[in-house]
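Protein sequences, first through last, are from chains H and X. Take the first sequence: its letter number 11 is residue 10 in numbering that gives the first Met the number 0, and every next letter is one higher. Take the second sequence: its letter number 84 is residue 83 in numbering that gives the first Met the number 0, and every next letter is one higher.
Please keep in mind that the hints were generated in silico from the structure rather than gathered at the bench. Ideal placement from N, C-alpha and C gives every residue a C-beta, glycine not left out. Do not take every clue at face value.
The calculated label-pair distances, taken between Cβ atoms and stated as ranges, are [said to hold, decoys possible]:
#1 H:Ile20 <-> X:Ala589: 50 to 60 Å
#2 H:Asp325 <-> X:Lys604: 51 to 61 Å
#3 H:Gly322 <-> X:Pro61: 43 to 53 Å
#4 X:Ala589 <-> H:Asp17: 41 to 51 Å
#5 H:Leu42 <-> X:Gln492: 41 to 51 Å
#6 H:Gly333 <-> X:Arg616: 32 to 42 Å
#7 X:Thr580 <-> H:Ile20: 48 to 58 Å
Take a look at the letters that make up each chain.
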Amino acid sequence: MSLSVELPVLSPKDFASDQEIRWCPRCGDYSILAQVKKILPNLGVPREKLVFVSGIGCSSRFPYYLNTFGVHGIHGRAPAIATGLKLARPDLQVWVVTGDGDALSIGGNHILHAIRRNVNLKVLLFNNQIYGLTKGQYSPTSPLGQKTKSTPYGSVDQPLSPLAVAIGAGATFAARSVDIDIQHLTMVLERAAAHEGMAFVEIYQDCNVFNSGAFEFATDKNAKQDNCIYLEHGKPLIFGKERNKGVRLNGKGMPEIVTVNGIARDDLLFHDETADDPSQAFRLAQMRWPDSPEPLGVLRAVARPTFDGAVTSQIEQVQAKLGPGDVDALLDGGETWEVR
Amino acid sequence: MTAAALAAQPRPLESIESVVIRFCGDSGDGMQLAGTQFTNVSAVFGNDVSTLPDFPAEIRAPAGSLAGVSGYQLCFSSHEIYTPGDEVDTLVAMNPAALKTNLGDLHSGGTLIVNEDAFDKSSLAKAQYSTNPLADSRITSNYRVHNVPMTRLTRDAVEGLGLSQREADRCKNFFALGLVYWLYDRDPEPTRHWIRDKFAKKPQFAEANLRALQAGINYGDSTEAFAVHYRVPPAKLAPGRYRKITGNEALALAMATAPRLTGKDVFYAGYPITPASDILHQLSELKNFGVKTFQAEDEIAAVTSAIGAAFGGAIAVTGSSGPGIALKGEGIGLAVMTELPLVIIDVQRGGPSTGLPTKTEQSDLLLASFGRNGDCPLPILAAQSPGDCFTMMLEALRIAVGFMTPVFLLTDGYIANGAEPWAIPKLADLHPIPVHHPAEPPTNGDPFQPYLRDEHLVRPWAIPGTAGLEHRIGGIEKADVTGNICYDAENHQHMTRIRAQKVANVAAAIPPQPVDGPASGDLLVVSWGGTFGAVRTATTAARRQGQSVAHAHLRYLNPFPANLGEVLRSYRRVLVPELNTGQLRMLLRATFLVDAIGFNKVQGKPFLVAELVSAIRDALEA
């Protein structure tokens, strides 16, 4: 009999639950689920210490399809449920799976504060620019003019940029990827998992029933190199099939597209995801296709103390100073007297 | 004999049983502080005390206005009391607005002490007096009026300390307090101690307040106007150690005690709301007791973060008042569906909507009972007094953990802010609250079944970190036993019934309903929550007058105690006095088909004993 204890080596299939997956055929969620299952065995976190928390919507069925602990919450509240869980159990790795309606409409307040506090959560926001589960109303990320069941004449409702919201709220990690861009998505998920703090990941996800092809600009093999800028830390913003286009700031500090040949490389905008000042990350978040090529990858990754860590260490400091609480002394506090 | 009593030797000292005092003034006049100090010294002296703070919702309403009047009423007694008193014996009014809004509660012949310096033309106008009421013969002949130049005397007392006039004037509440201390032979030493402690870093303020207090005492001692002063001997409370406690304090103390009784950390999430915020304030100081507090971004985040913490294995509590509870509704439904332990504290206030934030009411019983979508039952408890909040908080936790269910604990603004003496319990005498988390997956190799129930229909509390027990829960209907999503028609009916039966099973784990008075007779008065004191006093008085009246005070509102139906049927009539329009009465009628009659008041104020005595008489004669 061997005395050594072997840690079990898990594979993606060990993270599959026994539940039948009920997303529509060819939904972008399948690819995201597959990539998440792929990275989970390599995080160094035991399966029983992983918790997936979700709200309501198609994306929020995600926890049922993973054999980890999971909470399928109520609409918009996943970040709050996850915050409570993480505060109570800092030893767990807590993921939040949400959508554009769940996180940015009904749950806007919670996502804002979870980001602001830098709670150590991994947030995956599946952005399909539509309400899918309720069968096709426009969402807070649907573009102006989009015709949906609730906007038959086209949406007149100004959309928001999830990453701009996140960076505006002080996100320490903000990234964007695409459901079927397997390698890129895997890289972004691994980066998010490794980030010590709130990791906010927007994933473009194709709802092939109600908003099919919304992200073709970023998935079309022939066009995506021209439409997207794949960010790399410390490198200049260069893109295009021919790698011949770049981004530089004009005299007004605004990004403009230039041909790389003919200008000095150092004149291009260099990507610094660790910059303390979020201005450049915010500017990148505002670059949206089709008005401009759109950045994909990690826009921002900075170190800042986590909320859950700060809560824990404050408790430890108070305990070190005051010692463990004496209940009898506490009850006997205030103005007391003896009746004989 | 106290120092004050020694100094007052030459003046006659009359012994009386109990006294009701009300301090009232502008909300910046420090009336809550004066009232609290008087309560403390009386409690320490050994009187039974009961208090009623009454303050405006505005932090600083316009100075001198009728809306800005803040009051603090207290009763102190040589016998056991349950209420702060119906009528006021001594009214201290610091300005015309306070006089106008409070004089109606002073009984004829009562003592009225006013700060005459505040009765200038502009203050009289703000109080909508066209003439000075202090010169009105209806007042001077009806009450024993003492016009005291408090502002001037306070300024004189603190002269030379370098205080601005504004700072000097802020000391006049201590002058008033000193005068009333003299009048009722109180020992000022605890207050002196408090002042020195409070202003330790500002010695000139400490000195100023001490001088103002002494000036007030001296004024009483040396003025011929006060012919007598009074003594209220200590009450004969059961022997033991006591402290003064408010309902919100008691809740916080219970939660700080819970980690020792459960072996688990407590997680409390709240969002600022009157009158529940003090719970969050007090708990956030107790970080070395195994208590984590979280000021959430909103009420919904408070309840859902608590649900997250409960899923993680914490003893989870969220607290609020009516408007916040309304927001929490969907989250509470999630806790019912996921069958996680959670206590929801509702410190009730006047409603609907924003209603009367600082005033008391008990109009959230139906909200707690039914304020969620779907058939969504949960246990509901209600504390009956400030000290009882401690007991019922632990009781709510016991039921939540024992039955894997959210539990409502109802208190109200009256007992949350009101104070009473509380016999201090010992940790060793409190019952442990057993918590069980399964540690192993089923031995037969089957997957873990999160909705496999025990004989009480309670599901296991399996928590993250336990290998082999990975499972998913959520708000969608689930199959019995496995907990998997299930839209099956028969299963939904089955699960709806199971959830209701589980809550009904709590009846076997709570005490039978006690009755004060005869076991059968003409009238049973049924009350719940913070009206206990007034109703108990009234029913006792009715029996003393020879009436056949009993009192059943409910602390368990869902499920009702198992014997309640039998109790109700043992009397000819049932009267249900409530500070709402008849919510418990509706539940009793619906549940027991009993023709209960109501006595209902919704004025933001507790019952007066006299109005209950009269309602009892009416019910008996009806």
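Hint check results:
| no. | hint | in the structure |
| --- | --- | --- |
| 1 | H:Ile20 <-> X:Ala589: 50 to 60 Å | violated, 45 Å |
| 2 | H:Asp325 <-> X:Lys604: 51 to 61 Å | violated, 39 Å |
| 3 | H:Gly322 <-> X:Pro61: 43 to 53 Å | holds, 48 Å |
| 4 | X:Ala589 <-> H:Asp17: 41 to 51 Å | holds, 44 Å |
| 5 | H:Leu42 <-> X:Gln492: 41 to 51 Å | holds, 42 Å |
| 6 | H:Gly333 <-> X:Arg616: 32 to 42 Å | holds, 40 Å |
| 7 | X:Thr580 <-> H:Ile20: 48 to 58 Å | holds, 51 Å |
Checked against the numbered hints above, the structure breaks hints 1, 2 and satisfies the rest.
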